[in-house]
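**Student:** Single-letter residue listing:
2 protein chains.
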Amino acid sequence: MSKSKRTAKPPIDNRLLDTAIEQFGRKGLEGASTREIAKAAQTAMSSITYHYGGKDGLYLAAARHIGEKVKERFAPLLAAAPDPDGLSAAAAAAQLAAMIDSLMGLLLSPEAAAWSRFIVREQAEPTRAFTIIWEEFQSGLSAYLVKLVLRASNGRWKPAEAKLRAVTLFGQVLVFRVARATALRVTGWEDIGAAQAAEIRRALQSNLRAILTAS
Amino acid sequence: MSKSKRTAKPPIDNRLLDTAIEQFGRKGLEGASTREIAKAAQTAMSSITYHYGGKDGLYLAAARHIGEKVKERFAPLLAAAPDPDGLSAAAAAAQLAAMIDSLMGLLLSPEAAAWSRFIVREQAEPTRAFTIIWEEFQSGLSAYLVKLVLRASNGRWKPAEAKLRAVTLFGQVLVFRVARATALRVTGWEDIGAAQAAEIRRALQSNLRAILTAS
DNA sequence: GTCTATACTACGATAGAC
DNA sequence: GTCTATCGTAGTATAGAC
Numbered sequence: 001m002s003k004s005k006r007t008a009k010p011p012i013d014n015r016l017l018d019t020a021i022e023q024f025g026r027k028g029l030e031g032a033s034t035r036e037i038a039k040a041a042q043t044a045m046s047s048i049t050y051h052y053g054g055k056d057g058l059y060l061a062a063a064r065h066i067g068e069k070v071k072e073r074f075a076p077l078l079a080a081a082p083d084p085d086g087l088s089a090a091a092a093a094a095q096l097a098a099m100i101d102s103l104m105g106l107l108l109s110p111e112a113a114a115w116s117r118f119i120v121r122e123q124a125e126p127t128r129a130f131t132i133i134w135e136e137f138q139s140g141l142s143a144y145l146v147k148l149v150l151r152a153s154n155g156r157w158k159p160a161e162a163k164l165r166a167v168t169l170f171g172q173v174l175v176f177r178v179a180r181a182t183a184l185r186v187t188g189w190e191d192i193g194a195a196q197a198a199e200i201r202r203a204l205q206s207n208l209r210a211i212l213t214a215s
Numbered sequence: 001m002s003k004s005k006r007t008a009k010p011p012i013d014n015r016l017l018d019t020a021i022e023q024f025g026r027k028g029l030e031g032a033s034t035r036e037i038a039k040a041a042q043t044a045m046s047s048i049t050y051h052y053g054g055k056d057g058l059y060l061a062a063a064r065h066i067g068e069k070v071k072e073r074f075a076p077l078l079a080a081a082p083d084p085d086g087l088s089a090a091a092a093a094a095q096l097a098a099m100i101d102s103l104m105g106l107l108l109s110p111e112a113a114a115w116s117r118f119i120v121r122e123q124a125e126p127t128r129a130f131t132i133i134w135e136e137f138q139s140g141l142s143a144y145l146v147k148l149v150l151r152a153s154n155g156r157w158k159p160a161e162a163k164l165r166a167v168t169l170f171g172q173v174l175v176f177r178v179a180r181a182t183a184l185r186v187t188g189w190e191d192i193g194a195a196q197a198a199e200i201r202r203a204l205q206s207n208l209r210a211i212l213t214a215s
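Each protein sequence line maps, in turn, to chains A and B.
Heads up, the first sequence is in this note's numbering, so the first residue is 1 and it goes up one at a time.
Heads up, the second sequence is in this note's numbering, so the first residue is 1 and it goes up one at a time.
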């Protein structure tokens with residue numbers, strides 16, 4: 001990840017970008033190879049250079065693409081989301097519950113699995129792509145979450161405390177994707193399907209309520 | 001990760017193993033190179049072949065080494081740990097709090113940072129090394145945690161529920177290492193030092209108490 | 001724009017001197 | 001046991017035909 005001329009030429013379709021997200025998500029920047037990506041996308045390797053200026057350019061483009069897609073996905077939710085300052089504590093808690101539910105949906109949904117893997121990888125090993133993802137949607141999302149936590153605490157928590165608690169809430173969601181293998185072994189599940197996701201959601205909601213209402 | 005003849009010859013010292021853990025933890029199996037590892041360990045690349053049979057063998061040996069070290073670290077805690085079945089709910093909750101505290105210490109301590117990165121990487125992208133780590137210490141640790149959660153719930157939760165909640169508790173700890181960059185941005189901290197670790201510990205304990213005592 | 005060719009580098013493995 | 005030297009095979013990048 002050094003220069004990446006950032007050639008701005010748009011590709012004809014997104015086959016290359018989609019397979020890049022898939023491969024980078026699974027194997028990381030070094031683990032994935034441009035040869036394999038090009039082959040899986042049924043095109044020549046040199047088109048990566050042509051469209052994205054090289055491997056690094058493709059990686060960053062993948063981050064941008066994911067950012068836009070996730071932003072789109074959360075757009076309706078955020079658009080319909082009321083200003084936390086105008087909410088009652090209970091309403092803020094309910095909205096918070098809905099947000100956590102959506103986040104869980106994103107991290108576990110099969111269609112978003114490739115995005116999810118890519119994002120999770122950037123969480124653990126941030127590269128320049130992290131900044132892109134952060135600024136594209138994570139920044140706004142987490143700011144909104146913190147505001148909701150703050151409001152839901154009904155004045156019991158200072159902003160710093162609300163931020164900290166928001167991270168712990170995020171962690172409860174993240175763990176099922178990032179430590180999926182561990183979660184499966186502990187619970188004894190064979191997979192995290194619809195039934196398991198429902199169980200997780202229920203537990204998360206219960207934890208949330210407990211944390212928010214504790215003295 | 002295919003054959004790895006598992007040459008059992010013991011190395012003279014652990015320089016190679018230590019730098020391997022460092023590099024594999026930072027860059028992953030594909031990202032790290034045997035040349036760099038050997039150079040950083042101030043030895044010839046071929047000694048990797050000699051002692052560990054190759055790159056894969058070194059990787060697995062690293063996992064085994066980490067497993068042993070972490071096991072050692074938790075041994076006194078587990079040895080002094082009472083049988084959960086004989087504890088009161090309150091005592092189980094207190095013990096659980098202590099365990100979470102130790103887990104947090106492991107994930108954030110500078111000396112264990114290299115182990116931590118390696119382990120976290122295996123959580124997200126399990127290879128054959130995951131099984132080693134799991135069987136070495138994670139298995140026993142999580143089984144004990146689940147027992148404590150079960151006991152601390154005072155009969156309110158079934159075993160399946162206790163397992164699920166244990167994972168969410170683990171997630172609250174894990175997030176500060178695995179999504180460190182996000183945690184820093186949300187909280188506005190520049191680093192997670194002793195002061196921040198104390199804040200995190202306090203928040204985690206508070207969350208734990210809330211979750212366990214909720215109706 | 002997309003392909004084939006090829007150049008160049010870095011990788012992991014291994015043989016053999018000491 | 002540890003080193004140097006070398007081999008074969010990936011990797012990315014690039015030039016140029018179409």
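Keep in mind that a hint or two might mislead.
Heads up, the list lumps identical chains together, so a pair's fine if it works in one copy or across two of them.
Mimicking DSSO-like on lysine-lysine, the simulated pairs with C-alpha atoms at most 30 Å apart in a straight line are [as the list claims (entries may be wrong)]: (1) Lys-39 / Lys-69; (2) Lys-71 / Lys-27; (3) Lys-27 / Lys-69; (4) Lys-158 / Lys-39; (5) Lys-158 / Lys-27; (6) Lys-71 / Lys-158; (7) Lys-158 / Lys-69; (8) Lys-39 / Lys-27.
Bear in mind the hints are in silico, worked out from the structure with no lab data behind them.
Keep in mind the model is a prediction, meaning the values are calculated, not measured.
**Student:** With reference to the structure, classify each hint as holding or not holding.
**Tutor:** Quick rundown of the hints versus the structure:
1. Lys-39 / Lys-69: within (24 Å within a copy, 42 Å between copies)
2. Lys-71 / Lys-27: For Lys-71 and Lys-27, the Cα distance is within 30 Å both inside one copy (24 Å) and across copies (29 Å).
3. Lys-27 / Lys-69: Classified as both; 21 Å inside a copy, 27 Å across copies.
4. Lys-158 / Lys-39: neither (53 Å within a copy, 49 Å between copies)
5. Lys-158 / Lys-27: The answer is neither: 40 Å in one copy and 38 Å across copies each exceed 30 Å.
6. Lys-71 / Lys-158: within (29 Å within a copy, 38 Å between copies)
7. Lys-158 / Lys-69: Intra 33 Å, inter 39 Å, cutoff 30 Å: neither.
8. Lys-39 / Lys-27: Classified as both: same-chain Cα gap 16 Å, cross-chain 25 Å, threshold 30 Å.
In summary, the numbered hints that this structure violates are 4, 5 and 7.
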